[in-house]
Amino acid sequence: MNTLNLKILGAGKINPTINIDGKSVKFKKNEFGSYSTNFTTEKEQVEIVIYKHLEINGKLWFLMSILFFIISLFGLLDTRYDRKCVVVDCKFLVNLQEKTEMTIKVNSLTNEGKAVECTCNTEFQEISNQYYVDKRAKKRLKILLAVKIILWLALIGTVIALVATRS
Amino acid sequence: MEINKTITPPAKTMARLYSVHLGKIFSNLSIVFVVIGLASLVTVIATGLMFLFGLILIIISLGTVFLYIPNYFDMLLSGTEFMGGVAGFLNQFWPVFTPLAIVLAGVSIVLLAMDKHERHTGRIVLSSIIVGIAVLTLILLIAGVGVN
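Same order as they appear, the protein sequences are chains A and B. If you read the first sequence in our numbering, its first letter stands for residue 1, the second for the next number, and so on. If you read the second sequence in our numbering, its first letter stands for residue 1001, the second for the next number, and so on.
What the hints contain is simulated information worked out from the structure, not anything from laboratory work. All of these numbers come straight from a predicted model, not from anything done at the bench. Careful: at least some of the hints might be erroneous.
[Stated by the list, open to error] Here are the simulated lysine-lysine pairs, DSS-like style, with alpha carbons at most 27 angstroms apart:
1. A:K99 - A:K7
2. A:K13 - B:K1012
3. B:K1012 - A:K99
4. A:K59 - A:K29
5. A:K28 - B:K1116
6. A:K52 - B:K1012
7. B:K1012 - A:K139
8. B:K1116 - A:K26
9. A:K84 - B:K1116
10. A:K105 - B:K1116
11. B:K1012 - A:K23
12. B:K1012 - A:K26
13. B:K1116 - A:K29
14. A:K13 - B:K1116
15. A:K114 - A:K91
16. B:K1116 - A:K59
17. A:K84 - A:K43
18. A:K23 - A:K13
19. A:K13 - A:K84
20. B:K1012 - A:K29
21. B:K1116 - A:K23
22. A:K148 - A:K114
23. A:K139 - B:K1116
24. A:K28 - A:K142
25. A:K26 - A:K13
26. B:K1116 - A:K142
27. A:K52 - B:K1116
28. A:K43 - B:K1012
29. B:K1012 - A:K28
30. A:K7 - B:K1012
31. A:K84 - B:K1012
32. A:K59 - B:K1012
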């Protein structure tokens, strides 16, 4: 049985989804935004995926966004979407020993360079390790903004029409 | 670096993101609704306090206030009448908004507590306070404190 002791420092600032071998793993979190877990497996190698998903990238993004916009009284009480649309995309293949210690430090957001720094007492392979701005998500946010403006104008128009017909 | 690569999140992740979003909206809505419920209670109390302070001013000034403002008493009565009107208007809405605030705050607590990925302690505490205030307001309004 192999054990992977994984520590992720500074994960709280990006709040990513972390999967080990395709499974969602429960992490212990401390007040400084660091995550830690002990993963045990019979395998000799595991895949660690760190990814930050954006709500705007869902399949029902338009329908849900408009629904939330209407429920929140035309966006007055809505929470804001992440306008930067920054995605963290990291994937590692880690060779396991009986006790494997791995520490991943999340870097500050930069346009170039790695998203995380890794140290491990065994060999590991870095498949992807980057921050990037999701262009499609940005485009979707622009479409949403335009639709919301149109809906606001329609509401104002309806109110004016109602007031005019009553008086 | 801007890239055209988009990974569609899994359905489970999307359900989590949507439920957190809805929980936050419900929490915000419950704040507005509880304020409306409280307003109907507060305006009645404020009307009484306004009249009381008006009378105290007459006593403190030993009636000299009537020398400076001859129609002081009429002004005081019309002011309380206006406030009473506002309280009456708000009283129409509390039976709807106060229970709705309790329901929405309760649902938001459930939705936010279900998120195993991220803690929403601040929001959950806020919604719990809203539930407490709304229940207290409802009890006082049912007891007739805010009803004209």
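Right, here's what the structure says about each hint:
{"no.": "1", "hint": "A:K99 - A:K7", "result": "holds, 14 angstroms"}
{"no.": "2", "hint": "A:K13 - B:K1012", "result": "holds, 22 angstroms"}
{"no.": "3", "hint": "B:K1012 - A:K99", "result": "violated, 31 angstroms"}
{"no.": "4", "hint": "A:K59 - A:K29", "result": "violated, 30 angstroms"}
{"no.": "5", "hint": "A:K28 - B:K1116", "result": "holds, 11 angstroms"}
{"no.": "6", "hint": "A:K52 - B:K1012", "result": "holds, 14 angstroms"}
{"no.": "7", "hint": "B:K1012 - A:K139", "result": "holds, 24 angstroms"}
{"no.": "8", "hint": "B:K1116 - A:K26", "result": "holds, 9 angstroms"}
{"no.": "9", "hint": "A:K84 - B:K1116", "result": "holds, 25 angstroms"}
{"no.": "10", "hint": "A:K105 - B:K1116", "result": "holds, 22 angstroms"}
{"no.": "11", "hint": "B:K1012 - A:K23", "result": "holds, 12 angstroms"}
{"no.": "12", "hint": "B:K1012 - A:K26", "result": "holds, 15 angstroms"}
{"no.": "13", "hint": "B:K1116 - A:K29", "result": "holds, 11 angstroms"}
{"no.": "14", "hint": "A:K13 - B:K1116", "result": "holds, 17 angstroms"}
{"no.": "15", "hint": "A:K114 - A:K91", "result": "holds, 12 angstroms"}
{"no.": "16", "hint": "B:K1116 - A:K59", "result": "holds, 22 angstroms"}
{"no.": "17", "hint": "A:K84 - A:K43", "result": "violated, 38 angstroms"}
{"no.": "18", "hint": "A:K23 - A:K13", "result": "holds, 22 angstroms"}
{"no.": "19", "hint": "A:K13 - A:K84", "result": "holds, 14 angstroms"}
{"no.": "20", "hint": "B:K1012 - A:K29", "result": "holds, 21 angstroms"}
{"no.": "21", "hint": "B:K1116 - A:K23", "result": "holds, 14 angstroms"}
{"no.": "22", "hint": "A:K148 - A:K114", "result": "violated, 36 angstroms"}
{"no.": "23", "hint": "A:K139 - B:K1116", "result": "violated, 30 angstroms"}
{"no.": "24", "hint": "A:K28 - A:K142", "result": "violated, 37 angstroms"}
{"no.": "25", "hint": "A:K26 - A:K13", "result": "holds, 18 angstroms"}
{"no.": "26", "hint": "B:K1116 - A:K142", "result": "violated, 31 angstroms"}
{"no.": "27", "hint": "A:K52 - B:K1116", "result": "holds, 16 angstroms"}
{"no.": "28", "hint": "A:K43 - B:K1012", "result": "holds, 26 angstroms"}
{"no.": "29", "hint": "B:K1012 - A:K28", "result": "holds, 21 angstroms"}
{"no.": "30", "hint": "A:K7 - B:K1012", "result": "holds, 24 angstroms"}
{"no.": "31", "hint": "A:K84 - B:K1012", "result": "holds, 24 angstroms"}
{"no.": "32", "hint": "A:K59 - B:K1012", "result": "holds, 12 angstroms"}
In this structure, the earlier hints numbered 3, 4, 17, 22, 23, 24 and 26 are contradicted, and the remaining ones agree with it.
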